[in-house]
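**Q** Residues per chain are reported as follows:
Number of protein chains: 2
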Amino acid sequence: MKIEILCTGDEILTGKTVNTNHSYIARRFTDNALQITRGTTVGDDRESLLAAFQQASVRADAVIVNGGLGPTVDDLSQEVAAHAAGVELELYQPWLEKLKKYYESRGRQMPENNTKQAMLPVGCEFIDNPVGTACGFAVTINNARFFFTPGVPHEMRRMINEEILPRILKLSGLTVVTRLKRFHSFGIGESRADQLLRGIEDLAPDNSVKLGFQSHFPQLETKLAAIGKDEETLNATLAPLEARIRQSMGNFILCEDNQTLESEILKALGEVSGTLATIEMTTGGLISQRLNTDQSGSVVCSIVSQNIQQLAQASGLERATLDISSAAEIAIALRRQSASSHSLVSLMVPDEADDSRDFGADVYIALSSPESTVTRKSRLTGGRKWITLGATEMSLDCLRRYLLDLPVDEKIDFEQH
Amino acid sequence: MKIEILCTGDEILTGKTVNTNHSYIARRFTDNALQITRGTTVGDDRESLLAAFQQASVRADAVIVNGGLGPTVDDLSQEVAAHAAGVELELYQPWLEKLKKYYESRGRQMPENNTKQAMLPVGCEFIDNPVGTACGFAVTINNARFFFTPGVPHEMRRMINEEILPRILKLSGLTVVTRLKRFHSFGIGESRADQLLRGIEDLAPDNSVKLGFQSHFPQLETKLAAIGKDEETLNATLAPLEARIRQSMGNFILCEDNQTLESEILKALGEVSGTLATIEMTTGGLISQRLNTDQSGSVVCSIVSQNIQQLAQASGLERATLDISSAAEIAIALRRQSASSHSLVSLMVPDEADDSRDFGADVYIALSSPESTVTRKSRLTGGRKWITLGATEMSLDCLRRYLLDLPVDEKIDFEQH
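Chains R and H supply the protein sequences, listed in that same order. Following the working numbering, the numbering of the first sequence begins with 184 at its first residue and continues without gaps. Following the working numbering, the numbering of the second sequence begins with 184 at its first residue and continues without gaps.
Looking at chain R on its own, in the form it has when it is part of the complex (with noise of 0.2 Å):
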C-alpha cells in the first residue's frame, strides 16, 4: 500500500516552522508496518494545491493531507479537495452546530469566518476532532483515498492515533492489532545494539516483528513493531524478543516505553522515601533541569556552578580539589547541608583547549546516602556539547544504577577504555 504525505502551508514550506507533523505521523505510520512513499510541502496556494492532490492520486492509495482547515482565507484544503473531486462543497449542518457550542460555551459568539470549518466537500466522510474547531474529512479522487487533518500538532495527532490509523489499517487489510514495544537504552551505541539483537526478528513468526532503533543522543531507543491477530497473539509474538533485548542489554537498559530515567529516578527515590540533593559544575545546569520537573518535592535542592570552591563552599566545607575523593567528600556534605538522604555530585572538567571532535573531559561522579557513598570516573570526548550531554546522561544513570542496586561502573560505548 502507497502512502503518501502532503503537508500544506507557506509556514513550513517558507522554512519558518519545522515540519514535525510529518515526522509524527510517518512515524505512527512506520511503527504499524505501514509504509510512506513521499513526502509533499506545499504553499497556501490554490495551483499548487490542486497540482500536487492530482499528483498525489494517481501514485499513491492513501494521502495524508495536513493543514489548510482554518477559517482564515488563506486555509484552501476543503476547497480545493472538492475541486480535485468533482463536488461541491455543502455545509455540515452538525459541526457548525458544534463550534456555535463552543463558543458559546466560552461565553463568546463564534466568528461569521468559523462557518467555513463546516463546510465539507459533498458525499464526503467526516471525522471527528474533539479538541479543536478544524473537523476532518476523507474523500476519494482518482486511485486515492484523501485524508484530512488539522495542522495544529496536537490536534492532528490525535486525530491520526484515534481516527486515521484505524482506517488506514483497515484499508491496507493488515491485521489490525499492532503494538509499539520500546526499550531506552543509555551506553550502547546503535551500530553495537544493531550487531548484539541481529537475527531477533527470527524468533517471531511470518515477519510480524520489525526491529528498529532511534537514537536520541544520548539514549538510544530499540523498538519493536509487531502485528498479529489480537492482543494475546502479540503478547506471545514480542514474549521470547523481549526477553532477548532484556538479556543482551542488560543493566544499559534505562527504563521501558513511556518511563523516563528521570521518572525511575523519582520512583527509586520515592520507594525509600528519599530525598535528593544535587550539585554539577560545567554540566550547565542539565541534571538540574532533568530533575526538576519533579513535582513530588523529593528533588530538594540542586546547586550548578563551573567553581569547585563555590560549590565545595555551598556544601558546607572549606576548600575542595577536583578529583575523585573530593567529589565524594562534596556528596557527603551536601547531604548534612540540605538535610537530603541522597545526593549526586558531577564534576566535569573539560580539556582546556578549542572545542572540536577530540575535545574531552574528565567525569568525576559521587552519590552518597546514610548507607553508602560510591563514586565513578570517566573520561569522554567528541565536542564541548557531546561531552556535556553524555556527562549528564552517565551522572543521571549512575544515581539510577545506585538507587537499583546495579553496578555504577559498567563501562559505556562512549567513554575512553
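It should be emphasised that the hints constitute simulated quantities derived from the structure, not laboratory data. Just so you know, these numbers come straight off a predicted model, no measurement behind them. Just so you know, not all the hints are guaranteed correct.
It does not matter which identical chain is meant; a pair holds if it fits inside one copy or across any two.
Okay, derived cross-link-like pairs now, DSS-like style, lysine-lysine, Cα gap no bigger than 25 Å in a straight line [what the hints assert, rightly or not]:
#, residue 1, residue 2
1, K199, K393
2, K393, K299
3, K393, K364
4, K406, K364
5, K406, K199
6, K560, K412
7, K450, K568
8, K185, K199
9, K199, K364
10, K393, K406
11, K185, K412
12, K594, K299
13, K283, K560
14, K594, K560
15, K299, K353
16, K406, K299
Chain R is already provided as a structure; the job is to place chain H on it using the hints.
**A** Okay, now just chain H, sitting in the frame of chain R:
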C-alpha cells in the same frame, strides 16, 4: 523564479529524523528574497528518486537536492542525476585526490567505497565541500538547474551559503547583494509587532526590503530582508527602517543579529567586572542552564529548588516567605553568601490546579547589587510549559534591564494587566 527543495533519504521520509534541512534551506532562500514553490521528500529508492527529479525538472527553474551523496549503496543521487540528465558518471580525479589526502591526514587509508563519492555526471559543474567527503555538483535536467548538496547539516549549510545561494541569485537575475537584519525582542507578541511596524516596508524604495517575523517563544525575531546594488545602498536603505523598529519596540529589543539575551547579560556584567549568583524556584533550572553556557566564570553559583526554605537556607537566611519582599531579602543575602557582586532571585509560584490554558503562576523577581535592590512582580497564565518559559525569560530580561539601567517594570503582552 520557481525553486523546489527535494530531500532524499529513508530516515527523513519515515520520520526517524525531523527534516530541519528543508526549513534551513527554505529560510535562507526566503531571507534572500527568493521563493520556494514546493518541497518533496522521497526515500532511498531509484524509481521514486527518478520520478521526483523528472517531475521537478519540468515544474521548476532550480531544484536543491539534499542527501544521497554518501559512500554507501543506498546513496543514489549522482547515479539517478546522471540517468535523468541522460549522461554517464565519470571519475572526477581532483575530488578523489582530495578524499585520499583527507584519509591520509588522519592516518587511515581511504575505504574503496568512498571512490563512489568522486563519481559525477559527465559535464556537471563541481561544487566544493570544504568540510566533508561528499562534494556537491550542478546539472541541468529539462527546464531546471539541479544543485546537489550533502545531507549532513553543517556541510549542507556551508555549501548553501557559500556556493549555492550566490549561484541561484545570479541565475535569478536579482541584484546580488542581500542582507538580513534581525532584532530579538521579548514582551511584544507577533500580532502587536505586526501592527506596530505596519507600513514600514514603504520606507524603503522599490520593495527592496521585506519585513518578517519568526516566533521563538517567548522571544520574537523581527527580520528585514533587504536587496540592493551594493553594501552602501543597503546601509542607506535599511537605516530608516532600523531606526523605526528601535523606536517602536524600544526597551523590548533584547539584542540584534547574532547576539543573544545571555550574551548581552554577560557582556554588561563583564563591563562592571561583576559576578553573579542566581536562585530560582519552580522554573526547573532553566535560568541556571541559560546562564551557565558562559565560560568566563562570571556566573559563580546557581541554586535551584522547589522549596522556599531550602532556598532561604542556601542564601544564608533562617527562613523566608513566598512574596516580593522575601525575594528581595534573599537576593541581598545571596550576594553576601556567594561573595558575588550581583544576584538574581526568581520565585515562580504556580497555581494549585491541573495544567490547562488557564493555568498560571505568580512570579517574584529580585535583583541586587551593592548599588541597589529592585523587584518585579508579575502574573503569567497559559499552561505550565508556557509560564515556565515565560518566567525564565522575564527573569533574564529583568537582569538585562537592571544591568543596562533600563526600567524593569515595563508591562509585557504575555502578563495579566
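**Q** Run every hint past the structure and note whether it holds.
**A** To see whether the hints hold, each was checked on the structure:
no.	hint	verdict
1	K199 <-> K393	between (35 Å within a copy, 15 Å between copies)
2	K393 <-> K299	neither (43 Å within a copy, 31 Å between copies)
3	K393 <-> K364	within (10 Å within a copy, 49 Å between copies)
4	K406 <-> K364	within (6 Å within a copy, 45 Å between copies)
5	K406 <-> K199	between (32 Å within a copy, 12 Å between copies)
6	K560 <-> K412	neither (49 Å within a copy, 59 Å between copies)
7	K450 <-> K568	between (29 Å within a copy, 22 Å between copies)
8	K185 <-> K199	between (29 Å within a copy, 18 Å between copies)
9	K199 <-> K364	between (34 Å within a copy, 16 Å between copies)
10	K393 <-> K406	within (8 Å within a copy, 46 Å between copies)
11	K185 <-> K412	within (22 Å within a copy, 49 Å between copies)
12	K594 <-> K299	neither (60 Å within a copy, 36 Å between copies)
13	K283 <-> K560	neither (63 Å within a copy, 38 Å between copies)
14	K594 <-> K560	within (10 Å within a copy, 49 Å between copies)
15	K299 <-> K353	neither (30 Å within a copy, 43 Å between copies)
16	K406 <-> K299	neither (42 Å within a copy, 32 Å between copies)
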